[in-house]
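Visitor: So the chains spell out like this:
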Amino acid sequence: MESLAGKRVVVAMSGGVDSSVTAALLKEQGAEVIGLTMQIWDYRNFSAPDGQHFGTCCSLDDVYDARRVAEQLGIPFYVVNFEEEFARQVIDAFCDDYFAGRTPNPCVLCNQKLKFELLLRRAVELEADFLATGHYAQVVHEGERYALRKGVDDSKDQSYFLFTLTQQQMAMVRFPLGGMTKEEVRAHAARFSLRVAEKAESQDICFVPDGDYVRFLEEQRGAGTMDGEIVHVDGRLLARHHGTYRYTIGQRRGLGIAWPEPLFVVGIDAAGKRVIVGEKQHLSVAEFLVDQVNWLIPPPTGPFDADCRIRYRHKEVPSQIRKVDVDTVRVVLREPQAGVTPGQAAVFYRGDEVIGGGWIDVGAHGLRPGRTSSAPAQS
Amino acid sequence: MKRIYLDYNATTPVRPEVLEALLPYYRDQFGNPSSVHWAGRQVSGAVEKAREQVAALLNCSPAEIVFLSCGTEADNMSLKGTVDALGEKGNHIITTAVEHPAVLETCRYLEKTGCKVTYLPVDSDGRLDLADLEKAITAQTVLISVMWANNETGNIYPIEQIGAIAKARGIRFHTDAVQAVGKLEIDVQKANIDLLALSGHKLGAPKGVGVLYVRRGTRLTPFMHGGHQERNRRAGTHNVAGIVGLGKACELAMAERESTCARVKELRDRLEQGIFARIPQVKLNGHPGERLPNTLNVSFAWIEGESLLLNLDMKGIAASSGSACTSGSLEPSHVLGAMCVEVTLAHSSTRFSLGPDTTAEDIDYVLEVLPPIVQRLRDMSPLYNCGKVDACETCDTVKKL
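Each protein sequence line maps, in turn, to chains A and B.
Just so you know, the first sequence maps onto residues 0 to 378 in numbering that gives the first Met the number 0.
Just so you know, the second sequence maps onto residues 0 to 400 in numbering that gives the first Met the number 0.
Hint data in this document are derived by calculation from the structure and do not stem from the laboratory.
Incorrect hints may have been included.
Only pairs whose alpha carbons sit at most 25 Å apart, straight line, appear in this in silico SDA-like list of lysine to any residue [stated by the list, open to error]: (1) A:112 x B:342; (2) A:6 x B:2; (3) A:181 x A:296.
Label pairs and their calculated CB-CB ranges [stated by the list, open to error]: (4) A:70 x B:360: 25 to 35 Å; (5) B:215 x A:84: 45 to 55 Å; (6) A:83 x B:288: 30 to 40 Å; (7) A:226 x B:84: 29 to 39 Å; (8) B:289 x A:325: 37 to 47 Å.
Note that CB positions come from ideal geometry on N, CA and C, so glycine has one too.
Bound conformation, chain A alone:
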């Protein structure tokens, strides 16, 4: 782990084990550590039907946990309020994506728009030398440039969420846990007697703590009349549905269709209000488009080989990348994959290094999800 002794480092603290250990390790090294927590979502907005308690990455409980850890470490700690920006940059995009037939990945957006833009700016304002987070990934200084590499712990690697980083950001961002395994991090937490050492992993989408994203979308945008058809890839009409936003590529449950073989959602045509289903073999996709690509290293001009990861925890597969225009590429997978989902990120690797990434645009069966939001009419 690179020594940041004597440097002023802002640590993005979520109240979880990883960011708490990050802060503790940097403090131990002799860095001047300042803890910042982003308040991004007012949990009073969320009404669990049974008043159930949810543990997610940035709930108010976690703010208190972060504050307690900062107190224990004796570091200054501040909560910064990004609720407005979060609603605009992340929640709105999340809803737009679903209503346009995509399955969004809000964690990437939150990293891109909040952590490594707004929070980083706060760090600069506090005259910090670095912003450190508890991500399992590594930023390595190589000659004139910075490289983003996978975290050493394969099962925890979070480089997938970080493909939007720029050279300017990487110059200031550090991931001290990138060289450790989760076990080592937990051992450090125990060694520092951090209260959060035994805390469960955060899961799900932080602003949909019960996982019921359909209800969330309807609360945000209103439930309208979005009924449409469920059709088989061969064109046969099989059933009707109550909104394409209720479906995700690869989904098998809840289709309500009697069929000799298991059926899966293989395409979503939001503009045509159609959900396309097929048998298992129809899930396989060999080629797709990726747009808004960010290159962490300058790519070759011609087609080139890279390994492509199509969702978090997906084992990247050998692919050929062909440039289509300035920030769009066509990915040709050497072996077709199930679950190529518009709205998710495709991240390109060479070995452990992230060379670029973007958003999956055209998925199975050449369906191009609508670019504009088609939110339901208020009923």
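Given the coordinates of chain A, work out where chain B should sit on it, guided by the hints.
Guide: Just chain B now, with coordinates in the frame of chain A:
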């Protein structure tokens, strides 16, 4: 590092005289004032003495003082207790858009239960138009609730005039005087107040004790049900030490208010003038004259108040961006919103609130440290560097400063 506290509107240190007065009640004088025996009697006398001290400061009878846990409880009890007790008369409350959340959120709750609430608007200086108040009154109006002084801007509201209107129309009048007590002369008779909330920790008493003044004969449903404490108005064992401390703090305020406030005002003005002399494009939030002597709320155009607070804290200076009553997070101010302060200016607002321990050296240190921080943050601000000065609404607003 120097530590300079300029957030007295959030809370104040317990005054040494107050601490000395209350400590015995955590030691030998441990009795429950409701007990008949010697241990209780020792203590009940102290509670009654404190009641007199508070009553003297407000110019009311000791029997009209109800001790409770905090200003928020006093506000809640006033509003909910009135609606409950006067339900047969009506269900309409008149308040202002700039109240403390203790009143505003209680009103929102009451609206859900079927009450009607009128939120009086304010002008760009934060002042009320009393004609609006007169117009808002209906046959169903059971309560007028207007704060004496605003916690964020320090604006002082014309409580005597409002009290006169309430009296003429036969409507109950409540005031949240949490920021006013100890800083302004309070006379509940002269201002015709029926209910007044105050909080101990804003005037040198400990946290966890407050007072509701209830004019004799005011029907008010209790908030806490239980024992017969406080003439059946507020159940629960007395916070004896807190009450004793609050009594002492009121006694001190009575004796020292005028001289302390004159000194504090001089320092506040020194800070205000110093800021305006050293930093361009600053806006004063609140009315220049009708304002608490200790409060200064200013917007430094182009920068986030949040960033400024963090940077000031790193230099040992404690200030605030408004109300501190959230989870430690910083929310846009509803007060500045009601005053139609342009939204980016509202986000850059910072409140300095001085107290009896503030010194001229403190102020000079702030005036030395603040301008370079503001300039550095402005240099980093995308707004400051937006470059579209002629076409941009924000720039246009700021140019007028």
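Visitor: Next, verify each hint and record whether it holds.
Guide: Going down the list of hints, with the structure as the test:
no., hint, in the structure
1, A:112 x B:342, "holds (21 Å)"
2, A:6 x B:2, "holds (23 Å)"
3, A:181 x A:296, "violated (28 Å)"
4, A:70 x B:360: 25 to 35 Å, "holds (30 Å)"
5, B:215 x A:84: 45 to 55 Å, "holds (52 Å)"
6, A:83 x B:288: 30 to 40 Å, "holds (34 Å)"
7, A:226 x B:84: 29 to 39 Å, "violated (52 Å)"
8, B:289 x A:325: 37 to 47 Å, "violated (59 Å)"
Of the numbered hints listed earlier, those contradicted by the structure are 3, 7, 8.
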